[in-house]
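Protein chains in written order, with UniProt numbering: chain A, 1 to 444; chain B, 1 to 568.
Worth flagging that the hints you see were computed from the coordinates, not collected in a lab.
A few of these clues could be false.
What the hints assert, rightly or not - 20 Å max Cα-Cα, derived PhoX-like pairs, lysine-lysine:
(1) K86(A) x K69(A)
(2) K130(A) x K204(B)
(3) K274(B) x K337(B)
(4) K196(B) x K157(A)
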Amino acid sequence: MNFSELFKLSGLLGRFSPDGKCLASCVQHRLVVRDVSSLQIRQIYACLDQIQYIEWSSDSLFILCAMYKRGIVQVWSLEQPDWHCKIDEGSAGLVASCWSPDGRHILNTTEFHLRITVWSLCTKSVSYIKYPKACHQGVVFTKDGRYMAVAERRDCKDFISIFVCSNWQLLRHFDTETQDLFGIEWAPNGCVLAAWDSCLEYKLLLYSLDGRLLSSYRAYEWPLGIKSVAWSPSSQFLAIGSFDEKVRILNHVTWKKITEFEHPATISSKKTIVYKEVEKSPSIETERLSFPPTRELASSLFSTQSKYEISQVPVSLQYIKPVADRANPKVGVGMLAFSADNCFLATKNDNIPNTVWIWDIRKLKLLVVLEQLCTIQCFQWDPRQPRLALCTGNSRVYLWSPTGCMAVQVPGEGDFQIVSLSWNSSGDSMVLLSKENFCLCYLE
Amino acid sequence: MGDWKTITVPVLSSDSKNIIQYTSERKRSPTSMNSQVLRLPLPSSKNMHSFFSAFCTEENIEQSISYIDRELTTLGFPSIYAESKGKELNLISIINCMNELLTLQHKNLRAQEEVEMQHLKLGSDMDHLQNCYAKLKEQLELSKREIVGLQERDRQLQSKNRNLHQLLKNEKDEVQKLQNIISSRATQYNHDMKRKERDYNKLKERLRQLVMDKKDKKIAMEVLNYVGRADGKRGAWRTDKTEARNEEEMYKVLLSDYEQRQKQLLVENAELKKVLQQMKKEIISLLPPQKQKPKERSEDGLVLSDLEEDIGELNKENMWELSCETVREQLTNSIRKQWRMLKNHVEKLDNQVSRGHSEPWNEKDVISREDHELETEKLELEIQQCKEMIKTQQQLLQQQLTCDDDTTLLLQDCYLLEERERLQEEWRLFREQKKNFEKERRSFTEAAIRLGLERKAFEEDRGAWLKQQFLSMTADCKHSENVTTPSAFLRSKYLVQIISLHSSDQDNRLVKPTSQQRKPPSVLNGPVPAEPCETSQYITYNSVESEKAAGASMPNLWVESDDKEEIE
Numbered sequence: 001m002n003f004s005e006l007f008k009l010s011g012l013l014g015r016f017s018p019d020g021k022c023l024a025s026c027v028q029h030r031l032v033v034r035d036v037s038s039l040q041i042r043q044i045y046a047c048l049d050q051i052q053y054i055e056w057s058s059d060s061l062f063i064l065c066a067m068y069k070r071g072i073v074q075v076w077s078l079e080q081p082d083w084h085c086k087i088d089e090g091s092a093g094l095v096a097s098c099w100s101p102d103g104r105h106i107l108n109t110t111e112f113h114l115r116i117t118v119w120s121l122c123t124k125s126v127s128y129i130k131y132p133k134a135c136h137q138g139v140v141f142t143k144d145g146r147y148m149a150v151a152e153r154r155d156c157k158d159f160i161s162i163f164v165c166s167n168w169q170l171l172r173h174f175d176t177e178t179q180d181l182f183g184i185e186w187a188p189n190g191c192v193l194a195a196w197d198s199c200l201e202y203k204l205l206l207y208s209l210d211g212r213l214l215s216s217y218r219a220y221e222w223p224l225g226i227k228s229v230a231w232s233p234s235s236q237f238l239a240i241g242s243f244d245e246k247v248r249i250l251n252h253v254t255w256k257k258i259t260e261f262e263h264p265a266t267i268s269s270k271k272t273i274v275y276k277e278v279e280k281s282p283s284i285e286t287e288r289l290s291f292p293p294t295r296e297l298a299s300s301l302f303s304t305q306s307k308y309e310i311s312q313v314p315v316s317l318q319y320i321k322p323v324a325d326r327a328n329p330k331v332g333v334g335m336l337a338f339s340a341d342n343c344f345l346a347t348k349n350d351n352i353p354n355t356v357w358i359w360d361i362r363k364l365k366l367l368v369v370l371e372q373l374c375t376i377q378c379f380q381w382d383p384r385q386p387r388l389a390l391c392t393g394n395s396r397v398y399l400w401s402p403t404g405c406m407a408v409q410v411p412g413e414g415d416f417q418i419v420s421l422s423w424n425s426s427g428d429s430m431v432l433l434s435k436e437n438f439c440l441c442y443l444e
Numbered sequence: 001m002g003d004w005k006t007i008t009v010p011v012l013s014s015d016s017k018n019i020i021q022y023t024s025e026r027k028r029s030p031t032s033m034n035s036q037v038l039r040l041p042l043p044s045s046k047n048m049h050s051f052f053s054a055f056c057t058e059e060n061i062e063q064s065i066s067y068i069d070r071e072l073t074t075l076g077f078p079s080i081y082a083e084s085k086g087k088e089l090n091l092i093s094i095i096n097c098m099n100e101l102l103t104l105q106h107k108n109l110r111a112q113e114e115v116e117m118q119h120l121k122l123g124s125d126m127d128h129l130q131n132c133y134a135k136l137k138e139q140l141e142l143s144k145r146e147i148v149g150l151q152e153r154d155r156q157l158q159s160k161n162r163n164l165h166q167l168l169k170n171e172k173d174e175v176q177k178l179q180n181i182i183s184s185r186a187t188q189y190n191h192d193m194k195r196k197e198r199d200y201n202k203l204k205e206r207l208r209q210l211v212m213d214k215k216d217k218k219i220a221m222e223v224l225n226y227v228g229r230a231d232g233k234r235g236a237w238r239t240d241k242t243e244a245r246n247e248e249e250m251y252k253v254l255l256s257d258y259e260q261r262q263k264q265l266l267v268e269n270a271e272l273k274k275v276l277q278q279m280k281k282e283i284i285s286l287l288p289p290q291k292q293k294p295k296e297r298s299e300d301g302l303v304l305s306d307l308e309e310d311i312g313e314l315n316k317e318n319m320w321e322l323s324c325e326t327v328r329e330q331l332t333n334s335i336r337k338q339w340r341m342l343k344n345h346v347e348k349l350d351n352q353v354s355r356g357h358s359e360p361w362n363e364k365d366v367i368s369r370e371d372h373e374l375e376t377e378k379l380e381l382e383i384q385q386c387k388e389m390i391k392t393q394q395q396l397l398q399q400q401l402t403c404d405d406d407t408t409l410l411l412q413d414c415y416l417l418e419e420r421e422r423l424q425e426e427w428r429l430f431r432e433q434k435k436n437f438e439k440e441r442r443s444f445t446e447a448a449i450r451l452g453l454e455r456k457a458f459e460e461d462r463g464a465w466l467k468q469q470f471l472s473m474t475a476d477c478k479h480s481e482n483v484t485t486p487s488a489f490l491r492s493k494y495l496v497q498i499i500s501l502h503s504s505d506q507d508n509r510l511v512k513p514t515s516q517q518r519k520p521p522s523v524l525n526g527p528v529p530a531e532p533c534e535t536s537q538y539i540t541y542n543s544v545e546s547e548k549a550a551g552a553s554m555p556n557l558w559v560e561s562d563d564k565e566e567i568e
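Isolated chain A, as found in the complex (with noise of 0.2 Å):
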């Protein structure tokens, strides 16, 4: 494992390219675009003003870079450096804005949520999309790119419009039986789009790609709901993270629960590993030691070392109580994740927040607890082989795969308390991202 030496960043805008080749960063108003393989700069872009956010183009060729405050979008192309494109929202202002998956049109939500503009980089076209709605993932499409599910709202109801990426045309236009609904995400096999409520009703509903609902599933009635929603790459099941702190797994063919997975606060059964990252004392040479101390004594001596341990069963995680009278509390399952060969499943239960819960699919148990020292940031499986990579906002990244896992401390002066990591769609590096700074991890 290489890393390679920490650079400027700000605002978290990280991120690769679909093709795995650029890595594109910001500092301020700079869009820096840097090869993987060795780093150097390919490009660098001088936006209007402080980006806030950045995404690539699916053929890897354009990157958009979104100042909401301005409202402004601008283009780069990475063939053409000199070819630039604005597109200036004006008083209508600026919410969200991503690409289209052909990579050629540039989809912007306005303040309020008023409407969705669709700007087209090949023709002059323009098309709008009303009433969108407000809520936590509005504007879902298809992996293959062929279709766009939209939430709507009119008259106090919700709908879900289905367009063809292509032409942009309407396909589909329901109504859901949701109270607010709140998120909206297709199966990888793009021909189911699960809707679900926010969390003061349980409910989440399967519609098919014509529209016609499929099947609806509702676990219980008054408590608080659904936090998570995710799908299996193979479209097999899909897991619903809720706020009982349990994750329901509804499989394909029949959309009913095949199973629960608890979160408990104790682990009693025997056939779980339970890996527990503890600390190594660092062992200081006081002849050494010099006055005043150098950068790097200083930074040895207050970063720790730690390695995993394996605690014996029945084990008693760190459990937060929460809060009873505060809105959205920390508690229930508040990330999922599947790996990409469709066998397990990361889970993080937010009142245990230290711990990741991995699941084996095929036997539908709990496979792997691993308890860290800190609170669990951020973790990402990795796109090619059943490897998970979890980061808890100090400088180690931790990486589990079923042969074993491994604490590894980013070498490097400074602190740099990891809050975010990506991998690359290869699978052999992942960019490690803190509030200043990022680094490179080379795996391969």
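Assemble the complex: chain A is given as a structure, and chain B must be docked to it using the hints.
Relative to the frame of chain A, chain B by itself:
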């Protein structure tokens, strides 16, 4: 019983004087003595004399005797007097009476013993029963007190239970109330939310209108040049046709997805059906053959036969191609039935095992113990015999192996010598035979050579003789013409013979070198060469004599002679 015997013995062994004394005493106070006897069952021997002397003394012998007689007669004994009147005592009857009295005494004592034993027993029983009674009374008291206590507790618990039930009911009511409150509040909030949302939408509409109306020139896209599409095609207009095409494509996508899923499900189904069939076969094979009690047959027999028919049918057809409901149901039902039968069978076996020896075994199924034991004995004997054989063999082997090295070597040498000598003998014989054969061969070859020479000489002689004959014949022929034809015949015949002789000479020459190889035949054919000469001589004589037969016989002649020459 033994006690009073020992005590009465000194009584009997006492003097006759004492007897008289005793009798006199008895007369004086008979009733008191009787009672005394009853009260004091075992008087000591020392008291015996004084006791018994009190009744009869020397003065009142007559009265005591008469008294005793009277008493005895009243008791039913015969009189002790010799005659009805008179003073002579019948000793025999006295002794008999005494004996009778003694036995009576014994009986009475025995009875008394028994009665006293019973009395004791009854007394102890009575004590025991009294104790039991007392104990039971205590226990009864205790249990009564316990019952009272338990009843008290029961009452308390029941009241507690009632209280808890009440509490539970109250809680349930509260929960229900709270739920109602929640639902009412939720509907209220929803209503308020909707109202606020409508207001918000109005604001948004207003804002949208303002934004649209303003026609902000700023809302625009500046681009250096338009970029081509990713797939290189031009953008399409949105028309109805495109709409229809979109629909079509969408349905295609959906259909392909469903088809794929259906294929997967079919494959899975087929696999599962195969597995079920296998399982069914295995279950059927596990179960015992269905030929048991009639009651089973009556219940399941018809069903079984039907099932088996169905099974046969189903197995014949291709199960995985049929997917209709009835077939599926049949399969699952048949498997369930078989599984149940298997379960019953296993349970039966379990019961049998658990019951163990107490159950009488079914004679047919189980080998009787004796047979089993006999078999085991036989087998054990066999094993023993085999073991002994193995042991003896091992011993022999050991002997062979563990002999001294010298002896083994010697033995080996002995064997070798024996063999060698035998071989040498044989070689000698062989060599001798070989020599003999060589000799014989040489002699035979010499004989053959000689024979050849003789033959040659003979042939030459013959040839010469024939020539002479021929010459003489021709000389005669000139003289007599009548004999021309036969003589020409003869002449030709002689010519041919000569020619054949020549050729036979050549043959002989050819034959000679080869005669050495053929040893044994030469031995046999030794005398043979002589024959053809003789026969040919004979034949020639014949031919001379019988001219008419010559034509017929001549070919034969040639054949025979040829043959014979070839043999040589």
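Okay, the hints, checked on the actual structure:
no.	hint	in the structure
1	K86(A) x K69(A)	15 Å, holds
2	K130(A) x K204(B)	11 Å, holds
3	K274(B) x K337(B)	18 Å, holds
4	K196(B) x K157(A)	13 Å, holds
Every hint, counting from the list given before, is met by this structure.
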